[in-house]
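Protein chains: 2
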Amino acid sequence: MSDNTPNSKKIEALLAKKKAHAASLNVDELSSKIFAGDFKALSETITLIESTNQQKSEIGQAVVAKCLNKNTDAIRIGITGVPGVGKSTFIESFGLYLVNKGLKVAVMAIDPSSEKSHGSILGDKTRMNKLAVHPNAFIRPTASSGSLGGVARNTRETIFLCEAAGFDIILIETVGVGQSETAVHSMTDFFLLLMLAGAGDELQGIKRGIMEMADAILITKADGENVKMANMARSEYKNALHLFPANDNEWIPKVETVSSIETRGIEKAWDIVDAFNRLTISNGSKQANRNQQEVYWMNETVKENLLKEFYQTDGIEAELTKIQSELIDGKITSYRAAEKIIKYYHERKRTI
Amino acid sequence: MSDNTPNSKKIEALLAKKKAHAASLNVDELSSKIFAGDFKALSETITLIESTNQQKSEIGQAVVAKCLNKNTDAIRIGITGVPGVGKSTFIESFGLYLVNKGLKVAVMAIDPSSEKSHGSILGDKTRMNKLAVHPNAFIRPTASSGSLGGVARNTRETIFLCEAAGFDIILIETVGVGQSETAVHSMTDFFLLLMLAGAGDELQGIKRGIMEMADAILITKADGENVKMANMARSEYKNALHLFPANDNEWIPKVETVSSIETRGIEKAWDIVDAFNRLTISNGSKQANRNQQEVYWMNETVKENLLKEFYQTDGIEAELTKIQSELIDGKITSYRAAEKIIKYYHERKRTI
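Residue numbers (the numbering used here), protein chains in the order written: chain A, 13 to 364; chain B, 13 to 364.
Please keep in mind that the hints were generated in silico from the structure rather than gathered at the bench. Mixed in with the good hints, there may be bad ones.
Pairs count within a copy or across copies, as identical chains cannot be separated in the list.
[To be verified] Below, computed lysine to any residue pairings styled on SDA-like, alpha-carbon distance capped at 25 Å: (1) 280 to 259; (2) 352 to 80; (3) 240 to 253; (4) 116 to 148; (5) 315 to 330; (6) 352 to 67.
Whenever a hint applies, use it, and build me the whole structure from the sequences.
The structure is reproduced here in structure tokens:
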């Protein structure tokens, strides 16, 4: 070691030191700007955590670490509903109502499909044009980074950054692809389901199990000739929710009608969220839920990483296809199949 | 190798050969007896698969392997409901109705809690005393083998054995502990939820998400003064289910009232199951669902086994407790926490 090119070693060490220093400067600068509510620093850091460049992403991570739990008063709201229910229109109206109350509002979306469609990336800001230009609103288009796990991770870290930047309300829209509702439900305090009146067919779009996650259902487009039907839908859903099992947090899900166009029902929507927030703070379930969510995401990530290691092992895929067809043909039980594939995995790992 | 005690080696090899021969005889004998519908051989094999003795369990496994997909006409029915709803009484009435129709009925239960309480082990047969003695009925008390994964595996293998033994109807009761409803739902064709009328408070016992799994809801104890309330509950649930998203298999969940004491509604319950069975056979969803279930259990078992290896690694638990408290204190993100613990795992594995 000592005998080869001591000079170049020295230079390398110096450069590395300089780089680390620059990165730490970056981290300190970005985080203090974020604490001061600087939108540009916020955007820049989100871009860093979303980056596939490891060095950049490490800097982003370091900023996130400084931003953890800086503002636990913020309310994280998940919003879902089938395409056409009027999610963007509602978020525009609701967001404007909140910023006009003096609250700072951040909006983001979870859309693992956007890599292909690019639909909502272009759409979000243009469909919320009044909110987008308001100085107290921050709209972050969906990152187009593949898997739900990756998108969920970026979104959760963005939540921490926004809270550190002083945002009071974090709105997270989900387009309902794959498991994205479950992901959003597991990272928010309050989960809002938007539905159309006189549905029937429209209901097909809502996946099973989503209704029971909702802390409130809002019947949208309750304007003009729709009002009567919306009111009917409201009492139907109210009766239906009434039959559901109670929540651990003592909250009884609410059903209301809204018209984003006529901006009716928007205040009521806020009253519901506010009441929920007060209740869950006073009975301790808001913090308890957040702690549970942290542990949930840790365990999910452990599981995801272990499974990724497994499924990405060379040869596993071909072996799995083979075993799966034995399984479907009834030649083997699913337990034997699992044992076989895991045995194969360990043998591969030993030889690689 | 060749120089040490060639004689004892020979004897050992002979003994092993003899043992393997005996085991294979056992397997052939047990499986042909099961195909002939022998209850004793069926019970014996279930005891083998439940055994913690590896040699015995291997023999059981070999019998199961011979029994796979021997009778795909059988209908697997999951039954759930809160304690006190009258599950045993319903199964007694429903089972008797079916055996009197000439059908062969097997009854089993999933109760991961039974290791502690031993409640349902003693209870099942005595609470179904008429069904228990009928020559076309086979009631297998819950195995008291710890984890849900283990119980689920034994139950699924018992289903294969019962079907090979010619049973037409497999009833699987769940007591609703932990994730047992999900487990039962994932191993049956038809999922039945029993509910009480005039509930409100009783509903608290039904976990969230269960209602949307139901292919039918039966309001129990619809006799005497309860009839009116049961009918009201019936139309309430009917309206509520109507608001749910549709099933992929085109089935619309049904709601009916039953009285096990007055044996009213029992035939209607069968008509519902029968209609479901015909529909799902004709549109192919019965087999498709079973195939999906096989793949599901394989993947679940892979996941379970990988996680078991992880969590049972020496030192992981202590490390996890440490990291988890950093997480809750907001010192670290859940992703970093997961990365840290997995890094620790790989280091441990390298040194062990």
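Could you check the structure against the hints above and give me the numbers of any it violates, in ascending order?
-> none
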